[in-house]
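A.B. asks: In the working numbering, the protein residues as written are -6 to 144.
Heads up, some of the hints might be wrong.
Said to hold, decoys possible - Below are the DSS-like pairs computed for lysine-lysine, each with C-alpha atoms no more than 30 Å apart in a straight line:
| id | residue 1 | residue 2 |
| --- | --- | --- |
| 1 | 63 | 81 |
| 2 | 34 | 81 |
| 3 | 34 | 63 |
Simulated from the structure, these hints should not be mistaken for laboratory data.
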Amino acid sequence: MSAEPMPINMLQFSRDLAHLEEVLTQAAYSIGPNGFERSAKAASYLTLLRALTDGAEPVPAIAEALRVYKEVRQQKYEIWASRAELEKERHERLMAEEEITRKVECPYCGAAPQTSCRSVGSSRSVRTESHRGRYRLARGLDDKIWKGQKP
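Can you make the complete structure from the sequences, with help from the hints?
C.D. replies: See below:
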């Protein structure tokens, strides 16, 4: 007993196809954690979908979809890797700055390095905040001194 194929509602089919194409297009351009894999899959499905709806032969359409998958995955991975490298460099630079500012005396209260700031009065009260304000101040003063401005 063979089951007859269900009739296709062409209007609904074209709506669903347009929606699927829109979803795949959005996914192909997404970026996020492991987004390069998701983007590559979406781009390959989109390529396959477009090729088959345009009347291409299935095997060449699949081959093109695989090529697109590999290409997009590699491009997205390279973008992700360069961003990760930039973030690592930024973190290392911030850690180096932090190390430098830990060695300065507080310009407001005169607290020695590695000690807590003292209150310097009501107008500029600098309390014990583990030198956070002092670090920022030291960085700011260093910037002004290097630019030739008056601290």
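A.B. asks: If a hint holds in the structure, say so; if it does not, say that too.
C.D. replies: Going down the list of hints, with the structure as the test:
Annotation: proposed proximity of residue 63 to residue 81 holds, straight-line Cα distance about 27 Å (limit 30 Å). In summary, the hint linking residue 34 to residue 81 is supported, as the alpha carbons are separated by about 28 Å, within the 30 Å threshold. Of the supplied pair hints, the one linking residue 34 and residue 63 holds, its CA atoms being roughly 9 Å apart against a limit of 30 Å.
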